[in-house]
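Using the sequences and the hints given, assemble the complete structure.
Number of protein chains: 2
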Amino acid sequence: MGDTQHLTIGSKKPIYPDDGILKLYSMRFCPFAHRVHLVLDAKKIPYHAIYINLDKKPKWFSLVSSSTEVPALELVKEPGNPVLIESLIICDYLDEKYPEVPLYPTDLLKKTQEKILIERFGEFISDFFYLVQHEDSEQLVDTDLYAGLVAYEEELKKRGTKFFGGASPGMLDYMMWPWCERFASLKFTFDEKYVLSPERFPTLIKWRDLMLQDHAVKRFYLDGQAHAKYVDSRRSGNADYNMLYNEAKRVKLG
Amino acid sequence: MGDTQHLTIGSKKPIYPDDGILKLYSMRFCPFAHRVHLVLDAKKIPYHAIYINLDKKPKWFSLVSSSTEVPALELVKEPGNPVLIESLIICDYLDEKYPEVPLYPTDLLKKTQEKILIERFGEFISDFFYLVQHEDSEQLVDTDLYAGLVAYEEELKKRGTKFFGGASPGMLDYMMWPWCERFASLKFTFDEKYVLSPERFPTLIKWRDLMLQDHAVKRFYLDGQAHAKYVDSRRSGNADYNMLYNEAKRVKLG
Numbered sequence: 001m002g003d004t005q006h007l008t009i010g011s012k013k014p015i016y017p018d019d020g021i022l023k024l025y026s027m028r029f030c031p032f033a034h035r036v037h038l039v040l041d042a043k044k045i046p047y048h049a050i051y052i053n054l055d056k057k058p059k060w061f062s063l064v065s066s067s068t069e070v071p072a073l074e075l076v077k078e079p080g081n082p083v084l085i086e087s088l089i090i091c092d093y094l095d096e097k098y099p100e101v102p103l104y105p106t107d108l109l110k111k112t113q114e115k116i117l118i119e120r121f122g123e124f125i126s127d128f129f130y131l132v133q134h135e136d137s138e139q140l141v142d143t144d145l146y147a148g149l150v151a152y153e154e155e156l157k158k159r160g161t162k163f164f165g166g167a168s169p170g171m172l173d174y175m176m177w178p179w180c181e182r183f184a185s186l187k188f189t190f191d192e193k194y195v196l197s198p199e200r201f202p203t204l205i206k207w208r209d210l211m212l213q214d215h216a217v218k219r220f221y222l223d224g225q226a227h228a229k230y231v232d233s234r235r236s237g238n239a240d241y242n243m244l245y246n247e248a249k250r251v252k253l254g
Numbered sequence: 001m002g003d004t005q006h007l008t009i010g011s012k013k014p015i016y017p018d019d020g021i022l023k024l025y026s027m028r029f030c031p032f033a034h035r036v037h038l039v040l041d042a043k044k045i046p047y048h049a050i051y052i053n054l055d056k057k058p059k060w061f062s063l064v065s066s067s068t069e070v071p072a073l074e075l076v077k078e079p080g081n082p083v084l085i086e087s088l089i090i091c092d093y094l095d096e097k098y099p100e101v102p103l104y105p106t107d108l109l110k111k112t113q114e115k116i117l118i119e120r121f122g123e124f125i126s127d128f129f130y131l132v133q134h135e136d137s138e139q140l141v142d143t144d145l146y147a148g149l150v151a152y153e154e155e156l157k158k159r160g161t162k163f164f165g166g167a168s169p170g171m172l173d174y175m176m177w178p179w180c181e182r183f184a185s186l187k188f189t190f191d192e193k194y195v196l197s198p199e200r201f202p203t204l205i206k207w208r209d210l211m212l213q214d215h216a217v218k219r220f221y222l223d224g225q226a227h228a229k230y231v232d233s234r235r236s237g238n239a240d241y242n243m244l245y246n247e248a249k250r251v252k253l254g
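Chains as they are written, first to last, in full-length UniProt numbering: chain A, 1 to 254; chain B, 1 to 254.
Do not rely on the hints blindly, as some may be mistaken.
One copy or any two copies: either way a pair holds, since identical chains are not told apart in the list.
Claimed, not checked - Restricting the straight-line Cα-Cα distance to at most 25 Å, the calculated cross-link-like pairs of lysine-lysine (DSS-like) are:
1) Lys110 to Lys97
2) Lys23 to Lys111
3) Lys23 to Lys110
4) Lys77 to Lys110
5) Lys111 to Lys77
6) Lys158 to Lys77
None of these hints come from the bench; they were simulated from the model. All values derive from a computational prediction rather than experimental measurement.
Now the structure itself:
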């Protein structure tokens with residue numbers, strides 16, 4: 001995964017050789033950017049990851065991508081070096097551009113149904129994290145936070161496959177994963193009650209354990225405690241973007 | 001456009017001949033449903049429009065589509081009559097399934113860039129209508145409501161074509177249109193200041209006038225006053241879904 005130092009105001013734009021390799025502007029703890037890392041890694045597409053401090057963005061980044069958002073994918077081989085934004089749109093582009101490891105069903109209707117499930121998962125998850133972060137705990141006691149996840153439990157059970165994508169993870173698996181990985185952090189940041197119930201989600205728990213063995217998932221994986229540590233730093237008003245970088249440096253210096 | 005009566009609690013599910021024709025569940029004043037009407041009409045795909053009273057949905061609708069949202073497109077020729085939801089996903093499906101009048105560029109990168117502009121327009125428009133409907137007018141005086149539209153003015157000017165899609169409207173044109181049609185209602189519901197400025201948006205105003213001549217736009221068009229009348233009814237707490245139906249009936253009874 002290389003250097004995860006996040007570039008900040010005053011930093012110089014990193015220079016890369018003219019190697020035609022995609023550049024992904026990312027933030028190490030952003031679940032939307034995580035989606036793009038997963039698709040690139042699943043398809044074994046080489047890329048340079050450039051991490052951005054989102055609170056103090058370097059000036060040159062607005063010249064690369066006017067929206068200054070991550071994820072942003074710079075297509076260095078295309079004329080004018082166009083930059084794509086929006087995680088789902090980037091991932092769909094990659095799937096069509098690099099068809100060797102297809103992540104969608106080939107049938108148009110099945111592909112469309114998969115997109116609907118991806119879109120719906122996004123809505124569940126934004127409600128979920130909004131509630132977790134904004135409601136006070138007393139109000140939360142009566143809220144069925146994981147209600148929106150039941151449809152996915154049932155869907156995977158109905159499919160009877162290891163992954164939503166079949167024998168290997170597909171687009172829906174990867175688009176859900178960044179948040180599913182982060183569910184494990186909620187007991188550290190908030191409360192034990194956010195642990196997925198094995199009675200309610202037996203199929204998704206089996207799925208999670210299988211996903212953890214996938215090479216793309218492994219490549220960008222962080223455990224619940226690491227995610228919680230970052231979230232805690234963000235909640236305290238001082239997001240520790242370079243948490244992993246500094247830890248690695250400390251280990252090196254030993 | 002046929003019968004625009006909105007079906008409500010207690011209504012029977014309409015019965016259609018086994019004609020293989022798509023069924024679109026819609027609401028006459030919903031801009032998201034409007035998108036699907038435009039794409040179907042642009043491609044001259046026949047369909048049965050079934051209008052739903054969203055405040056008092058008929059029970060049978062939840063058996064057709066568990067989400068009970070509009071737009072919903074029932075694919076009556078596919079096994080199990082699957083139903084698609086989410087306006088952009090439905091429109092993308094239609095474009096691929098019925099390629100005779102293609103609405104996207106064939107080039108993957110250009111198509112992807114069009115999707116980014118569609119996504120961004122959706123974000124601008126949801127902010128726009130949120131502000132218009134929730135902020136009090138004094139706060140609004142200092143807000144540049146149309147700031148997000150400037151990028152589209154510049155984009156179309158740069159392209160130098162009649163439409164974003166070139167010589168005829170493409171997906172971006174149609175996905176933007178429902179809200180652009182509704183801009184003309186804001187001076188009735190709110191204030192004259194919501195009229196698009198010809199100094200600021202000369203290209204988009206020319207575009208709007210050309211769009212108004214498009215056959216798909218004409219087929220589902222309502223003027224600013226009609227949109228305002230519906231919005232006023234909704235704001236008063238009693239959305240007049242059957243406004244057009246009742247007006248047509250009155251005209252008939254003369």
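Verification of the supplied hints:
Proximity of Lys110 to Lys97 under the C-alpha cut-off of 25 Å is found in both arrangements, the shortest distances being 19 Å within a copy and 12 Å between copies. Proximity of Lys23 and Lys111 under a CA criterion of 25 Å is satisfied inter-copy only: 20 Å between copies versus 27 Å inside one chain copy. In this assembly of identical chains, the alpha carbons of Lys23 and Lys110 lie at most 25 Å apart only when taken from different copies (19 Å versus 31 Å within one copy). Only between protomers do Lys77 and Lys110 lie at most 25 Å apart by alpha-carbon distance; the minimum there is 15 Å, versus 32 Å within a single protomer.
Taking CA atoms no more than 25 Å apart as the test, Lys111 paired with Lys77 passes between copies only; the shortest distance there is 17 Å, against 28 Å inside one copy. Taking identical chains as interchangeable, the C-alpha atoms of Lys158 and Lys77 lie at most 25 Å apart only when they sit on different chains, with a minimum of 23 Å there against 42 Å within one chain.
This entry satisfies every hint, going by the numbered hints stated previously.
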